[in-house]
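**Student:** Residues per chain, in single letters:
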Amino acid sequence: MTETTETRRRLVVVGNGMAPGRVLERLFDLDPDGWQVTIFNAEPRVNYDRIMLSPVLAGEKTYDDIVIHDKAWYAERGITLHQGCPVAAIDRAAKRVTAADGTTADYDRLLIATGSSPVMIPVPGHDLPGVIGYRDLDDVERMLTASRAGGHAVVIGGGLLGLEAAAGLKAQGMAVTVLHLMPTLMERQLDQAAGWLLQRAIEARGIAVRTRANTQAILGEDRVTAVRLDDGTEIPADLVVMAVGIRPATALARDAGLEVNRGILVDDHLQTSDPDILAVGECVEHRGTCYGLVAPLYEMAAVIARRLAGDADAAYRGSITSTKLKVTGIDLFSAGDFAEGEGREEIVLRDASLGVYKRLVIEEDRIVGIVLYGHTADSGWFLQMLRDGTDISELRETLIFGQGFAGGTPLDPMAAVAALPAEAEICGCNGVCKSTIVAAIAGKGLSDVEGVRTATKASASCGSCTGLVEKLLSLSLGDAFDATAPKPACPCTTLGHDEIRRLIAAKGLKSVPEVMQELEWTTSCGCAKCRPALNYYLLAAWPGEYADDYQSRFINERVHANIQKDGTYSVVPRMWGGMTSAKELRAIADVADKFGIPTVKVTGGQRIDLLGVRKEDLPGVWADLNAAGMVSGHAYAKGLRTVKTCVGTDWCRFGTQDSTGLGTRMEKMLWGSWTPHKVKMAVSGCPRNCAEATCKDFGVVCVESGFELHVGGAAGMEVKPTQILCTVATEAEALEYCAAVVQLYREQGHYLERIHKWLARIGLDRLKALVVEDADMRTALFERFLYSQRFAQSDPWAERVAGRDAHEFVPLRDFTVKEAAE
Amino acid sequence: MNGPDMIAVEGWTDIGALAEIPRRGARRVRLPERTIAVFRTADDEVHALEDRCPHKGGPLSQGIVHDCAVTCPLHNLVVDLATGAAREEDGGSVPVLPVRLHEGRILLDLRAAARRAA
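Taken in sequence, the protein lines are chains A and B. When the count follows UniProt numbering, it moves up by one through the first sequence with no breaks and lands on 822 for the last residue. When the count follows UniProt numbering, it moves up by one through the second sequence with no breaks and lands on 118 for the last residue.
Isolated chain A (complex conformation):
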C-alpha cells in the first residue's frame, strides 16, 4: 500500500459504527483510489449491525451473524484500523488527531462519527453495579451474563430499545418489568390506540408493564436489589437496564472548539463549523434534529461518500423517519407525522378480532403519517407514497386496505358482535351465551327478539342485552331480520349505549383506548360525548380496578366545582340531610370574606352555594371548609347531589318517622358514587310531603306503618311525579332498597339518562321484579353498590388540598403583575 499513499488524500474517521461503515462502503464504490483511510474505534471490534443487538440479546442471532465488515474487508481497502483506541484530542490547526494511547494520525479531512451514549437518569443508585445502558455489544453481553443467573430485570423506558431489551431478557428467562414514565408505550412513535395494543401484546408475553411509573431511586448496597417508584412501590431487581434515550456524543468535538448544540452542528453538506471536518450519524444535529434510527444515518452516509468522491452537489436535507419494533411476533410500524392539525384528515381501520389497527394521516391528498399495528405488510408501500408525496385521491376509497386490495365489501358495522367467541355471555342476568342464542335462532327458526326471549331467556330480565340479541338475529338471518337499530352513542361509533356497556363486560375491556380499539371506534380519541360516557361505564363496570380518565371528565368533575358563565366557579359544601350548625355557617361566612366571594345563596337542595370563586382560590376555599369539617357536596357531579329532608319526629307535630335521620343516613351511604346522571333524593316525615319527595329520582315518604319508597320523579326540564315502588317496614330495608335501585341504575342507565328516563325504558314492573320481588337480586345489587363505594368515598376537596391535580389551579405562566392584596 505504501507506494500509493503519497497520491491519496488522508481521511481519518473517529468511530466505527454503522454510519461511517456505510460512508466507507459507498466511498470505495465511487472512488476506490482517492483516499487513504484511518479509523479510530473505541470499541475493540469491527463494524457490526447495531440494530440487530436485540436479536442477539434474544438469542436469535450471534455476534458473527451481525458483523457488517470483517477484518479482511478493511485490509482489502488498505484501511488502517485502530480498535479499542478512543481518540483523545483533535488539533485542528495541525490537522492531527491523538488517541488515548498516544497514536496520532494526520488528516486532510476528518469524519467524526462518535455516535451517542445512553442517557442514565441520575437517580440515587444509578451508578450501582447491575445498572446498565443499552447501546453496544458490551451491554448485551452484560445482560446475557446477568440473565444466566435468572432473577428479576427492570427495564426503565418503554420506547423502542427498552421494549426490545425487555423481550430479549424475557427470552433469556428473566422475570421482566418495564417502567415507563408516560401513560402509553412508545408515545413518540405511536398514538394511544397503537400504544395500548402494544402494551397488551407485551404483557401477553409475560412482561409486566407499568406506565406512569416515575423512578425515584435504585436501591442496593453492593449491587442493585430493587427499584423504587415515587409512589413508594419497590420492584425487586437483579438487573436494571436504562433505556430512556440517547445523547449525542459531542465531547470530543466540543473540546476541539467545533460548534455544538445538542449534537455537533452540521449543514446540508454535513460539514461542521470547520470546513475540513465532517460529521455523520447519531452525534450530529442537522436542521435542529438529532437522529437515532438507522435510515437517516444511511442517508447522511451516502451524501458524505458522494462529497468525498468529488460530487459538490450532494446535499442532505433531513429524513422522514420510520420505526419498526424488532420483537418477534409483534408487528408495528410508524412513520412521518401523525399529529392532528389544520387540514389534516385521518383514515382509521380497526379490526378487533385480528388485533389490527391502521391509521393514515392525510394532508392535501398526500400521506403525511402512518401508524400500523398487527398488519404491517403494506408499510413499505405507504412509506414510499409518503416519501414521494404521491397524490392518493384516486386510491382513497381503498387506500387503508393496502396494496393488495382489489374490490371487496365495505366494513361490517356488526363486526364487534360477529367477533365475539361462541362462549361469550350475551345475557348476564340469565347466563345465556352467544352459541346458545345462535343455535336457537337456527334450530327453532326464530325471527325476532321476542322469540329469542321465550326460547332462551336472553334479554328477558333487565333487557340491556336486547341490542346484542338483535345483532345476533341480524347476523344469523341477514336481510330477513329488520331491527330498528339502536341509536349510536355518538358519531364516533355505530354502537348504542347498551351494546357498549354489554361489550365492555363481555370482552373484559378495561380502558378507554381498549374500548375504542375493540369496538372499532371510527375516530382516534373520541369526542366530548363518548369519552365521558366510556369513562363512566368503565368506572361502573370495574370498581377499584379502573383508573379514572381525568381528561375525559367534564370540567366540573375535573375541578370539583361548578363552572359559571364568567369562568369562575361555585362551591357547595355538603350539608347532610340539609342540617348545618353555627360553626359551619361561621366557617362559610369567613371563607366568603377571606376570598372575596361575591354571592352566597341557599340552593333548592337545602345547602349553601358560594358563587364567583376564582379557580386558583378553590384549593384555599376547600382547605378552610375542610378545616371546619365540611366536604364536597358534589353539586357538580353525575352522582348523588342532595337528600332533602323535613324535620320529622324531631320537631314536627305531624312527623311519623325520623326523616332527618334517615335522609342523613341515606346521604352518608350514597355520597361519592358516580351515576349516569345526577341523582336527587328526599325524605318526608309524613304524607304532607314537605320535602317534596314525590318529584325526586328516589324519594321516601314516611307513614305510620313504615316507609313508602318512590322512584322516577323529576322536576327539571320535565316534571314527573314518582311512581311507588313498594312500602317497607324498617329503615334498614329502606336503605337497602334505595341502594339497590341506584346500583341497578348505575349498571343499566345510559350516560346522561336520568332515572325517570331509564325507568321508562325498562318499566316499573321490571324494576319491581328485580328489586322488590327478587330478594337475592336485591341483596346482590346492594352488595355490589357497597363494594364500589369502598373506592368512591373520599373527599375530592381534601385530595386536592393535599396537592392532587395541582396544575389545574395555577396558570402555566402569569405575566400580570401580582396585586398587593394577593
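Derived by calculation from the structure, the hints in this document are not laboratory data. Some hints here could point you the wrong way.
[To be verified] Short, incomplete list of chain A residues facing chain B, as computed with Cβ under 7 Å: (1) Gln192; (2) Cys525; (3) Ile563; (4) Gly567.
[What the hints assert, rightly or not] Pair ranges (Cβ atoms, derived): (5) Asp593(A) - His75(B): 46 to 54 Å; (6) Asn76(B) - Glu60(A): 52 to 60 Å; (7) Glu88(B) - Arg396(A): 23 to 31 Å; (8) His75(B) - Glu60(A): 52 to 60 Å; (9) Glu394(A) - Glu88(B): 27 to 35 Å; (10) Gly57(B) - Gly355(A): 42 to 50 Å; (11) Met120(A) - Asn76(B): 45 to 53 Å; (12) Leu144(A) - Ala19(B): 31 to 39 Å; (13) Ile724(A) - His75(B): 31 to 39 Å.
Glycine residues also receive a C-beta, built at the ideal position from the N, C-alpha and C atoms.
Once you've looked at the hints, dock chain B against the given chain A.
**Tutor:** Chain B in isolation, oriented as in the chain A frame:
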C-alpha cells in the same frame, strides 16, 4: 401597536415545558390584557388560542380536548385548535397565536400576542 409594555418581548417566549400540560388538556397563560389557552393534544401537538369561546366567551381552556378540537365547557361549541374556527356554520372564530415546541419547551410568540391585544 400599543400593546402592554411588559410583554414587548422580542419573538418567542418560553412559557413552560410540554410536560406541564396534561395530554388532551390545556393550561392558561395570563397576559395583562387577556388569557391565552395553551392546548396539548393526544399526539403532543401544541396550540395556543385566546381563552374565549366565540359563542359566549367561555374559557376554552376548561373544555374537553379531543382530536384537534376543544368542546367549550359552557355550551358545547366545538372549536378547532389549529384554526380557531368553530366547527359549525357561522360559529365564529377565536384568535390563534403562534406557538411552537423546542426540545420539550413551549414557545409562544408574545409579540404577536401583544399586537393582537392592541
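**Student:** Look at each hint and say if it fits the structure.
**Tutor:** Evaluated hints:
{"no.": "1", "hint": "Gln192", "verdict": "holds (6 Å)"}
{"no.": "2", "hint": "Cys525", "verdict": "holds (5 Å)"}
{"no.": "3", "hint": "Ile563", "verdict": "holds (5 Å)"}
{"no.": "4", "hint": "Gly567", "verdict": "holds (4 Å)"}
{"no.": "5", "hint": "Asp593(A) - His75(B): 46 to 54 Å", "verdict": "violated (33 Å)"}
{"no.": "6", "hint": "Asn76(B) - Glu60(A): 52 to 60 Å", "verdict": "holds (53 Å)"}
{"no.": "7", "hint": "Glu88(B) - Arg396(A): 23 to 31 Å", "verdict": "holds (25 Å)"}
{"no.": "8", "hint": "His75(B) - Glu60(A): 52 to 60 Å", "verdict": "holds (58 Å)"}
{"no.": "9", "hint": "Glu394(A) - Glu88(B): 27 to 35 Å", "verdict": "holds (31 Å)"}
{"no.": "10", "hint": "Gly57(B) - Gly355(A): 42 to 50 Å", "verdict": "holds (46 Å)"}
{"no.": "11", "hint": "Met120(A) - Asn76(B): 45 to 53 Å", "verdict": "holds (48 Å)"}
{"no.": "12", "hint": "Leu144(A) - Ala19(B): 31 to 39 Å", "verdict": "holds (35 Å)"}
{"no.": "13", "hint": "Ile724(A) - His75(B): 31 to 39 Å", "verdict": "holds (38 Å)"}
Of the numbered hints listed earlier, the single one contradicted by the structure is hint 5.
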